[in-house]
Amino acid sequence: MAKSIRERLSGNEAVATALKQINPDVIGAYPITPSTEVVHYFAQYVADGQVDTEFVAVESEHSAMSVCIGAAAAGARTGTVTSACGLALMWELLYVASGHRLPMTLNVINRALSGPININNDHSDSMGARDSGWIQLYSENNQEAYDNNFMALRIAEHKDVLLPAMVCQDGFITSHAIENIELLEDADIRKFIGEYKPERHLIDGKPLSVGPYDTVQFYFEHQYQRAQAMIKSKAVVKQIFKEFGDLTGRKYDLIEEYKMEDAERAIVVLNSSAGTAKVVCDQLRAKGEKVGVLKIRLFRPFPAEEIAKALSHVKAVAVMDKADSFSAVGGPVFADVRSACYELANRPLMVNYIYGLGGRDVPVENFFKVYEDLNEVIKNGKTGNIYRHVGVRGV
Amino acid sequence: MAYNLKKECCKPERFVGGHRLCAGCGAGVAVRGVLRAVNDEDKTVCGVATSCLEVSSVLYPFTAWNEGFIHSAFENVAASVAGVEASYKAQKRKGKIKDNYKFVAFGGDGGTYDIGLQSLSGALERGHDMVYVCYDNEAYMNTGLQRSSSTPKFAEVTTAPVGTEVPGKMQHKKDLTEIVVGHGVPYVAQTTFIGNFSDLHEKAHKAHYTPGANFLNILAPCPRGWRYPPEDLMAICKLAVETCVWPLYEVVEGEWKLTYEPKNKLPIEDYLKVQGRFRHMFAKGAEWMVEELQKHVDMKWEKLLKKCK
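In the order they appear, the protein sequences are chains A and B.
All residue numbers for the first sequence refer to the working numbering, where the first residue is 1 and numbers rise by one.
All residue numbers for the second sequence refer to the working numbering, where the first residue is 1 and numbers rise by one.
The shape of chain A in the complex, shown without the other chains (with noise of 0.2 Å):
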């Protein structure tokens, strides 16, 4: 086991570390709160000569992702962060980014969307960005987003993937907040992230064309195969989870399942509200009901059949939802937690909540009051309404 150093970093200094000790070719950036601090200290460490990174500030989102792109195209290991607005702007470029099969890691600090601004955690900006064809990795605390960066750059560059991957935490909740950590040596981290050697590139001395016109004739076998490369990238992360569970201890699954084994009543959820749920469990648990709590920690590609198996024994599900999708029928993480429980033979009664949007504080009794409601449901046999929201007033 790799020895590790016991600190105390907010969750964006655990990102700018992590990305410190991967010492990518190339990072282009543009400073948006929360994520901001990420690039100051990048900044820091490229002004003290502790990286021999490209440093590229550029003067937009759009331009931040642009640079990642014409980087990774020449052969770079490369990189970004941002929240809401700023992913928003990088929007046409994160399709352009994973259609030319460029790996490269973005750190998400997630943060309401406008209008109106707001400056606060939710996660309508990666939840939007769900289908752009990138990984999505999703952080529980500062220890999560660290280790997360790591496995993140290796499932993006394995030669079955070669797709971007996201890292996403919450703003300010566990991006501001800081909390013990354990990190890895260099010497162990650029062991476990290897050099990077793509196949083929811009500057490799040979002729390459990225990003041609692709006419009727291929656009749809290009799109079949970017979608093969996700369905593949789910053996790829497990394994790659593996790897650094063996060299770290620190063991992650597609999912983490607490205290599902016999539980009747699950919340489904993902980030730092995971943690907020798991007391209220423990509470809950011991009073002797049977609760639990399923945290996704990949959402992109969708581990359907992991959390179908893991609900396929309770009665009834909360989904929880900080992004609404305006479907008006419940949010992202629902429709698909839902969907992929379509299969099952008894399947859960189901239902979701909207929560914590705009940085609205998700205090325990948001989930006591959850767990609560999911007595009635089971009680009733039925769900009733299935789109409702939690923390919000006037409802």
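Do not rely on the hints blindly, as some may be mistaken.
[As the list claims (entries may be wrong)] Subject to a maximum C-alpha distance of 25 Å in a straight line, what follows is the list of computed DSS-like cross-link-like pairs (lysine-lysine):
1) Lys89(B) with Lys20(A)
2) Lys206(A) with Lys92(B)
3) Lys197(A) with Lys89(B)
4) Lys197(A) with Lys43(B)
5) Lys96(B) with Lys20(A)
6) Lys98(B) with Lys197(A)
7) Lys96(B) with Lys191(A)
Since the hints were derived computationally from the structure, they do not count as laboratory data.
Once you've looked at the hints, dock chain B against the given chain A.
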């Protein structure tokens, strides 16, 4: 060694034939001219903004680009090429890349004067070692001849058509070259296809081999949008220069220098009347339009002469 067009044309093409640009289009001529000015021993990576040039030259699985090529989107060619250049710098430092590369971004006027202006401005200010080439055909030709901020006043375009109340585009062309000069970059030039192409060649060579972010604005007419017979491409370019509609100059480290001064400045009619997009300016009662454009050209030319003194 003195410039010799024949010799230059015997060099291996970095942008080869077989692309689908129209006959009489300036885009391909601009690209070949710019790339001929790269020294034989150097390799290139070219980025192209979404444009006629892009959709006509790299239709999967074919490519007319015999070296590195990247297209990413419409408004970001400067940033995309900046990313390639950043990767080159980083990898060169680490000893991973042996060859020497030159980086060129090509955008049309839509991708440069308009939607890509921010990306261009950012790359110029950061000083990436690259050349940005605008092939200026004065409208969005790829999407069907719509107005851009480069379209000259009174030209007929599909989003500023000539009607009973409005005689075409009502605003003058934006002076992008001056905007670029405002960035304080080492080398900026305006050129087009004249005579033996020495003006384009020499300017492109300076742009490639002056360290930093440099800029070429190349007037590159479009037979469809300007409505001229394909074989008249060179004649139109010559008239643009001889009428002082498109003066040839360069700005080296902030010093303005005229690279060609017409012996007899021709009246603007000579340039306008050979193009269908200005046809309505020669209808009875439209004389004021020609007069107004002449005044504008004279004013711009006088200002330029002062800067070049």
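Hints and how they fare:
A C-alpha spacing of about 18 Å is found between lysine 89(B) and lysine 20(A), which places the hinted pair at or below 25 Å, so the restraint holds. Pair hint lysine 206(A) plus lysine 92(B) holds up; C-alpha atoms about 16 Å apart against a cutoff of 25 Å. For the hint pairing lysine 197(A) with lysine 89(B), the CA-to-CA distance comes to about 17 Å; that is within 25 Å, so the pair holds. Taking the CA atoms of lysine 197(A) and lysine 43(B), the gap is near 21 Å; set against the 25 Å cutoff, the hint holds.
Taking the CA atoms of lysine 96(B) and lysine 20(A), the gap is about 20 Å. The hint holds against a cut of 25 Å. Restraint check for lysine 98(B) and lysine 197(A): the C-alpha separation of about 15 Å stays at or below 25 Å, so the hint holds. Only pairs whose Cα atoms come within 25 Å are accepted, and lysine 96(B) paired with lysine 191(A) is accepted, the gap being roughly 19 Å.
Against the hints set out earlier in the document, no violation occurs for any number.
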